[in-house]
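Since chain A is already given, all that's left is putting chain B with the ligands on it; use the hints.
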Amino acid sequence: MQVAITVNGVVHERDVDPRTLLVHFLREELDLTGTKIGCDTSQCGACTVQLDGKVLKSCTLLAVQADGAEVTTIEGLAENGEHHPMQTAFWENHGLQCGYCTPGMIMASAAFVRDNPGASEGEIRHYLEGNICRCTGYHNIVKAVKQVADAAAGA
Amino acid sequence: MWPNKFDYVRAGSVDEALASAAGGGKFLAGGHSLLPAMKLRLDSPEQLIDIGRIPELQGISANGGLTIGAGTTHDAIASSADVQAMCSALASACGQVGDQGVRNFGTLGGNIAHADPASDPPTVLVACGATINIQGADGKRSVGAEDFFIDLFETALDDGELITSVSLPNCSDCQCAYVKFPHPASRYAIVGVAVCLKMDGDTCAQADVAVGGATVKAVKCADAEAALAGTTLDEAALNAAAEAVKADIAEDLIGDIAYPESYRQQMAGVFLKRAIAAAQG
Ligand SMILES: Cc1cc2nc3c(=O)[nH]c(=O)nc-3n(C[C@H](O)[C@H](O)[C@H](O)COP(=O)(O)OP(=O)(O)OC[C@H]3O[C@@H](n4cnc5c(N)ncnc54)[C@H](O)[C@@H]3O)c2cc1C
Ligand code: FES
Ligand code: FES
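Residue numbers (my numbering), protein chains in the order written: chain A, -14 to 140; chain B, 9 to 289.
Treat the hints with caution; some may be incorrect.
To be verified - On the chain B side, residues computed to face chain A include the following (Cβ under 10 angstroms):
1. Arg18
2. Gly38
3. Gly39
4. Val110
5. Asn112
No lab work stands behind these hints: they were computed from the structure. Source: prediction; values computed, not measured. Cβ coordinates follow ideal geometry from the N, Cα and C atoms, glycine included.
In isolation and in its complexed conformation, chain A is listed as follows (with noise of 0.2 angstroms):
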């Protein structure tokens, strides 16, 4: 079936099988390997992007689903060479270690700061927990969205 997918703002027209999830179509049509695979099976956030500014696990939806909409991946996230405020608290913060869970982690973070500046630690634990990590503990990836968060609030 045919699509048009704006990725990162470039849209991608692509004769796709209806069965090709979003995450495969990112990853192997479009070689953006920024976006993981973990689990497959909807529980460890590491797939996690954006569509239409929402967050997604982008192995639990069809590429077919997507027709039309907006997608922002871990490789759309900087602007003019520039980090995002999100990638750069991560790196400041040291908020990963693998790396694996970061590209999940840096989208939903992203997208919850935008719509929740000067959230709480509380809030902020509650809301990661889509998004599993098997190596920081979690306190790094915290203090690195408080960072954000804080700022946004302007305190």
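Coordinates of chain B with the ligands only, in the frame set by chain A:
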């Protein structure tokens, strides 16, 4: 993981969806129950009829009661001021479904059609006396929530029938709440309890109670309701209701190695007390 091959059609209206369903297959709403099952090859429909873009299935209207389109997402329900005002327990239950990604795409219609025993919204729909509005090739019909849920993953829906909306009475004068004991990994309900209390001063004139998660389907709990009605919800009444609810669900219990039936049954009593406290809070 790739699902098996299927034909994909996108329906633009309820009529188109029903016409396509005559050819077999399954409706695809948010895909957040169906696609995981298809990826594991637990399900392999030959045709998927995408109902995700049908305008008639979207949105929430409030006049007298609530009517929620089947295609409305958990997130839209949880954040709706009308739902918060008229059935705060449903807003709360939808806000406790999975995580934000699931709530952004999973829909109320898909959730209840799937009828996972560990789901949250069905428990509230049963407690609050919701009506499920259905359309099929033979026309429209409505089924009370208590009759809609039949067993594990089994509902009153016939093949090819579509849920169009869910109606709820206005609960703004009641004290209602939904509390859940979430599975630590999946966040699905091990036990979920919904209560809707109609108070007359300090006395509970009527109590509606339903339990899910612990049971094959959401169960209305008449004995617990009787133990609460006419009381001031004092400690003796709460203890009696917590005992009674165990009998209400005894026939329908489910369990697993980590959370056996007897444990869930006990927790239903504990969570009933918490739900009443939350409703009064
Ligand atoms: C990681 C994860 C965690 C979750 N946690 C929870 C939780 O804690 N609590 C909870 O309650 N749920 C939970 N869910 C399930 C979630 O609520 C699903 O979104 C929901 O059950 C299905 O909605 P959907 O729109 O995605 O339906 P789909 O997956 O598209 O469809 C599900 C089934 O319903 C049928 N269907 C869909 N719409 C209709 C309709 N209008 N009429 C007739 N049939 C229809 C489909 O044919 C299919 O058989 C979780 C899901 C995931 C992936
Ligand atoms: S790979 Fe999609 S949620 Fe884990
Ligand atoms: S940094 Fe390794 S999984 Fe999170």
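Verification of the supplied hints:
1. The criterion of a C-beta within 10 angstroms of any C-beta in chain A is met by arginine 18 of chain B, whose closest approach is roughly 8 angstroms, and the hint holds.
2. Here the hint on glycine 38 of chain B is kept, as its CB sits about 8 angstroms from the closest CB of chain A, short of 10 angstroms.
3. The closest approach between the C-beta of glycine 39 of chain B and any C-beta of chain A is roughly 6 angstroms, which is under the 10 angstroms cut-off, so the hint is satisfied.
4. Given hint, valine 110 of chain B at the interface with chain A, holds; its Cβ is 7 angstroms from that chain's nearest Cβ, closer than 10 angstroms.
5. A hinted interface residue such as asparagine 112 of chain B counts as satisfied when its beta carbon comes closer than 10 angstroms to some beta carbon of chain A; here the least separation is about 4 angstroms, so the hint holds.
Of the numbered hints stated above, none is contradicted by the structure.
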